[in-house]
Amino acid sequence: MGTALDIKIKRANKVYLCGEVLSGVVVITSKDAVQHQGVSLTMEGSVNLQLSAKSVGVFEAFYNSVKPIQVINSTIEMVKPGKLPSGKTEIPFEFPLHMKGNKVLYETYHGVFVNIQYTLRCDMRRSLLAKDLTKTCEFIVHSPPQKGKLMPSPVDFTITPETLQNVKERASLPKFFIKGHLNSTNCIITQPLTGELVVENAEAAVKSIELQLVRVETCGCAEGYARDATEIQNIQIAEGDVCRSLSIPIYMVFPRLFTCPTLETTNFKVEFEVNIVVLLHDDHLITENFPLKLCRV
Amino acid sequence: MAAFPWHPRSRNYTSEFESCRLEAVLVEFGDYHPLKPITITESKTKKMVRKGSTSSTSSSSSSSMIDPLSSVLDGTDPLSLFAATADSVTTAANTDSTRKKRDKDDSLVVGSDFEPWSSKRGEILARYTTTEKLSINLYMSSEKGKATTPGSAVSEKVRTRLEELDDLEEGSQKELLNLTQQDYMHRIEDLNQSLKDAWASDQKVKALKIVIQCSKLLSDTTVIQFYPSKFVLITDILDTFGKLVYERILSMCLDNRGSLPDNFTPESVNDTAKETCLNWFFKIASIRELIPRFYVEAAILKCNKFLSKMGISECLPRLTTMIRGIGDPLVAVYARAYLCRVGMEVAPHLKESLNKNFFDFLLTFKQMHGDTVQNQLVVQCVEIPLYLTLYSPAIDWILQCIAYRAPEILLTEMMERCKKLGNNALLLNSVMSAFRAEFIAARSMDFIGMIKECDESGFPKHLLFRSLGLNLAMADPPECDRLQILNEAWKVITKLKNPQDYINCADVWVEYTCRHFTKREVNTVLADVIKHMTPDRAFEDAYPQLQSIIQKIITYFHDFSVLFSAEKFLPFLDMFQKESVRVEVCKCIMEAFIKHQQDATKDPVILNALLHVCKTMHDSVNALTLEDEKRMLASLINGFIKMVSFGRDFEQQLSFYVEARSMFCNLEPVLVQLVHSVNQLAMETRKVMKGNHSRKTAAFVRACVAFCFITIPSLTSIFARLNLYLNSGQVALANQCLSQADAFFKAAVSLVPEVPKMINIDGKMRPSEPFLLEFFCNFFSTLLIVPDHPEQGVLFLVRGLLNVIQDYTWEDNSDDKVRIYTNVLHLLSAMTQETYIYHIDKVDSNDTLYGGDSKFLTEINKLCEAVIAQILDHLKTLGQEETLKRQSQLALYFFNSILAHGDLRNNRLNQLSVNLWNLAQKHGFADTKTMVKTLEYIKRQSKQPKMSHFTELALRLPLQSRT
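Protein sequences appear in the order of chains A and B. Following the UniProt record's numbering, the numbering of the first sequence begins with 1 at its first residue and continues without gaps. Following the UniProt record's numbering, the numbering of the second sequence begins with 1 at its first residue and continues without gaps.
Just chain A, with the same shape it has in the complex (with noise of 0.2 Å):
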């Protein structure tokens, strides 16, 4: 390779938020004097919907994808076109994170029907002969943390064959009394959700128990909305047959990237919701869901 582009974000976890100035280098590394036309630096963020098949049908879902929602974009021009020195050059750039006009600057997330993403793209251009160069990085954006306080909302809850819904046959149910509770629903995105649960019995061997966190998106567009429910994340709490009456901690980090404070726009929500699964060695499965309001503070 001759020539190689290559951006440097000055903050090693890439984080920025609202309001702040992002800035980094611009790596041009090459063993020869490059020539080009020009070296440009361009910022995007923006809000990929895609609808998903089982809501609107297979071709709506082709061809109604709804246009990526353009919430930032700037471009500068970095260096003039010309040559560029043999070795390694550095150029330093910064970018003033603003919002542009009545726009939210949303928290970076990847979802399965909505994206938010934001990247730095470095061009190069360079003449017939040579081919342009580019390369694409990405970085991250928090939302400002939220005002007010954080209210933490327990919930206990009990499961029993008395308590679900959904049930064919109440009768061929095994007895089993579990409680529990979270100690709460509002959650802190850095923070896990914790909380305890008890197997006070069961008559049934249990076999697993799981935490499901699952992401609720909705896309509203012409025709109406969207809204589907997805799995991000399983984590097992218990495994085997565990001990009666002993308490079991309920405990999940909630993962970068895929989670966002909770959101809701005109165009589209974020929302995510936790299960409760309990696996019975007859196959049985027990779920219980709490929807969840994650903020940032």
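Read the hints as simulated data drawn from the structure, not as lab findings. Virtual Cβ for every residue (Gly too), placed ideally from N, Cα, C. There could be a bad hint or two in this list.
[To be verified] Chain B regions said to be covered by chain A (calculated; three or more residues, Cβ under 8 Å): (1) 311-324; (2) 366-379.
[As the list claims (entries may be wrong)] Taking lysine to any residue and the SDA-like style, the derived pairs with C-alpha atoms no more than 25 Å apart in a straight line are: (3) B:LYS283 - A:THR230; (4) A:LYS207 - B:ILE384; (5) B:LYS943 - B:GLY924; (6) B:LYS274 - A:VAL27; (7) B:LYS274 - A:GLN191; (8) A:LYS147 - A:LYS269; (9) A:LYS10 - B:GLU275; (10) B:LYS746 - B:GLN792; (11) B:LYS687 - B:PHE656.
On the provided structure of chain A, position chain B as indicated by the hints.
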């Protein structure tokens, strides 16, 4: 050629001796003494062996896209960020040095009195084995298969990667069935290696996958009896992984100031390192399954140090409660053991979570008898007692961690808690193996009471007694309880039906008995062991334990007369019926005897017993016995023979030697020793009689001599025979047994032609000539004083010897024959002196016999002439190109001899010496330094009285410069 007549120089030995003797100086204590052992204070510098550099080959240009994973989220990702750390060499070196320091630090925190995991490891591996077939579930990934194209959406790549991780958890698994235990261990070792390889080649995802795979194996409890060993093997891998991650992050913390101090704070860690570390934790937090998530996080617990000060102290309790989610009690208890192990290593001061772990374990204790576990045991056909023993290593370890430097109160509390639970035998056993021996010993009676109350069907009782015994072997119970403890314990032990269980207990308790009681009690115990082990030849399966019993007894009883007077000791020895074991035991006893017996003994009890023991050892020798083994046995027997002394009763001593000879005839070194011992006995006798033998002692000495004369021919080693003949001849001569001495010397002379050209020394064939040369020199110095036999001719022995030398087939390319001839010349010169240089008391040598008779002298001179002729002949044959060097050396050697022994006032001799000098230098092979020194010597000598002719000689000896 003209014969050179020999003119020996006449010498005054006394004056010569006076003139050259050094002044005797008393050596003061503490002064330098040549024989004092040299002590060198060596400053050892411990070398750190550098492990194969684990640093990545830095591929900082992420645009090259070789690794599909490295381009994602460039930099923030732990798995690719490593790639950015360049300068691997300094990094690795620095890491090494910090690690070294750190290790030292840690060892300061956890004292050396803490028995480390590494010492438990081997024990567990050896104890928990299986013959059942095992299986490994492995996800066989095709790492390179899923390369994403460069430039595709970042999220997509992240997703692929997570899928890959998921894949390995759920998807395509490959099950390896029907592995033997050996195969299984190899597989695990392979995995360990591939982890290191993956790490070294910068495939961090693969490394993580391997670790997750491995820890997942720990949730599998099929073939449950192998589980403890499996735990050991797999946690080895986890340890490796933890170390790799820690060191890598540590190496990222390097900046211009060099490496971090040992006790760094999170503030001094740079952002990149922190971010990387954080990424590891996030990645691990998203592992789906509980057990792998727990183990992998525990493995990198130490990395919390990079993030926050409180990290570890917050993490440990969380991980502790996390284990509550593990349903299988056995899996859970081992998880706890691992957490305690990591906790002790990383933060030994955090005792709380150790206790918490134990209490949590007590809470789940009832699970062991729950249906789930019972059903599993039925399926696997495992008995409850066996199942319970599987817990021991883990509980032992947890309790050991808790007990380490713990206050007495805590230990008492723990014990109380254990007592409260039903079927506490398992816990009791662990308490006994983990807590301080002193603590246990002080409460021995309580423990015995508790053990007795235990349920028969649960944990095997003999193991409990064994554990108690082990403690008592290390620490002493209160004086007043001692006998009662033994009685109580033995009452139970003796009732054990299974000989194997019985002997395991007895083995341990013998030590306690030896420690605190006398011969009588030990004897009783031995009797009991014999009673138990004899039926059905049960001892055949218990040799190691029986052997260890013997070893314990001989470590405590150094007085062998006491030991052998215990009437059950020898019957106990009789139980060792397999010869190899029997010989081992005998060796042990002999070693102890040689080590501990201070004075020589004639105690018939010891002699009888040890002769029996030695005889056993001797009889084990057969055609297949190795040389080393023979040597070992012989040295033990020799040690015994040397320790036997009947004092002034020489007759008895000799008859003991005679008996020994008949007993140990197969071991040559023993025969050699016996000949030496008998010779020594003869000399002892001479000493007692102050040289004047009475008729009785003379007869006794002759008996000794006869003993030697008979014994020597039975040896096969020719040099041993030669030397012993010479030696015994000297002893006979000293004891005025002239004809016997003659017989020895004659035997030696007639043996010389049999000396083979090559002899076997330590398994290698070596030429025998140097040994022969040495022997001859030795022989000559004895021959000087041997008086001629009146019926044989003059110098009968010397002539005989000369003939033998003449006829012996010497190596073609060796000069030893000539060297020997030169030495003969020395001997003959010494023989012509008026008074010989030394004599033997009460033996008239030839100087007195002949009184310088001219006939005698002529005879000698004739011999000399013949010898010189031989030498010169030989010198002449060395005239070829390739032998010139040898010629030069020999000429100089001969020259020196003439200088020392010849009378150089004789012209012909003088001329001969000049010729030799020139010959030595002629072809430039002479060492100039030696020549100069020799010349200096001659000049110095010339200053002595009657040596003035040396001045003239010196003038005739030119020095040839090499150039």
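Hints versus structure:
For the stretch 311-324 of chain B, the stated coverage by chain A is satisfied: 4 residues place a CB nearer than 8 Å to a CB of that chain, which reaches the threshold of 3. With 5 residues bearing a CB less than 8 Å from a CB of chain A, the stretch 366-379 of chain B meets the requirement of three and the coverage assertion stands. Distance restraint check for LYS283 (chain B) and THR230 (chain A): the Cα-Cα separation of roughly 20 Å lies within the 25 Å cut-off, and the hinted pair is therefore satisfied. Between LYS207 (chain A) and ILE384 (chain B) the CA atoms are separated by roughly 23 Å; this keeps the pair inside 25 Å, and the hint holds.
Taking the CA atoms of LYS943 (chain B) and GLY924 (chain B), the gap is near 30 Å; set against the 25 Å cutoff, the hint is violated. A hinted pair counts as satisfied when its Cα atoms are at most 25 Å apart, and LYS274 (chain B) with VAL27 (chain A) qualifies at roughly 24 Å. Annotation: proposed proximity of LYS274 (chain B) to GLN191 (chain A) holds, straight-line Cα distance about 17 Å (limit 25 Å). The suggested pairing of LYS147 (chain A) with LYS269 (chain A) holds, with an alpha-carbon distance near 20 Å, which does not exceed 25 Å.
Proximity of LYS10 (chain A) to GLU275 (chain B) is assessed by CA-CA distance (about 13 Å); at most 25 Å being required, the pair is judged to hold. Between the alpha carbons of LYS746 (chain B) and GLN792 (chain B) the distance comes to roughly 12 Å, so the proposed pair stays at or under 25 Å and holds. At most 25 Å may separate the alpha-carbon atoms for a hinted pair to count; LYS687 (chain B) and PHE656 (chain B) meet this at roughly 21 Å.
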